[in-house]
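Protein chains in written order, with my numbering: chain B, 127 to 247; chain E, 580 to 691.
No wet-lab data here; the hints were simulated from the structure.
We put the beta carbon where it would ideally sit given N, CA and C, even for glycine.
Check before you lean on any hint, since a few could be wrong.
[Unchecked claim] Partial pick of chain B residues on the chain E-facing surface, computed with a CB cut under 8 angstroms:
hint, residue
1, SER169
2, THR175
3, THR235
Residue strings, one per chain:
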Amino acid sequence: GAVVSQHPSRVICKSGTSVKIECRSLDFQATTMFWYRQFPKQSLMLMATSNEGSKATYEQGVEKDKFLINHASLTLSTLTVTSAHPEDSSFYICSAAPGTSGGRGGVDTQYFGPGTRLTVL
Amino acid sequence: DAKTTQPPSMDCAEGRAANLPCNHSTISGNEYVYWYRQIHSQGPQYIIHGLKNNETNEMASLIITEDRKSSTLILPHATLRDTAVYYCIVRVANTGGFKTIFGAGTRLFVKA
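Please model the entire structure based on the sequences and the hints provided.
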């Protein structure tokens, strides 16, 4: 249980275009989802907290107009990278917690998606 | 959330126990210790967590010192597939609004 999926797993786009990444909790509902970014040989950096039905909360230094987050349902959050540039190329990872529905690690453990590798040419 | 300190890298022989230490000297009474690992180009995988008692599951054991200022993740019989970056994280466990902040982690190399 507690499986999180992401789509697409890999995307290559041209500079200036927008890219949407989906994050789904497959077997549980998640009021809160999180988005991370990871550059090569670095740790995960939290970008924003996505709350179902409300605006996302962004970490300091993350441009909310560039990284649009929508959490329209309890099982789906999307991250849109607008007007992508080569410096946005990174590994984007989402996570979610089962809340009351549990999971191997319990109600408060976050489970992570497999990640989406974005390459902007 | 409290900060953690981990060695940047460790080696372990295949079949032997891998003991990964973590210092969290500023941990608060309501903060849990979580361990995740990340295999290259994948999302982090939950391993185990605990508050103050030692914990064991099918993947690993977690030993937390009595003063809770440090802990050790034990992989009892390491395999080559256990080569990964291991992250020790301390945070409050409550529903909604919590964050998981990653440090640099320990890069474990399991060698044949």
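Here's how the hints hold up against the structure:
With 8 angstroms as the threshold, the beta carbon of SER169 of chain B comes within range of chain E, its nearest partner Cβ sitting at about 5 angstroms, so the hint holds. Checking THR175 of chain B against chain E by beta carbon gives a least distance of about 7 angstroms; that is within 8 angstroms, so the hint holds. Look at THR235 of chain B: its Cβ gets to within about 6 angstroms of chain E, closer than 8 angstroms, so that hint holds up.
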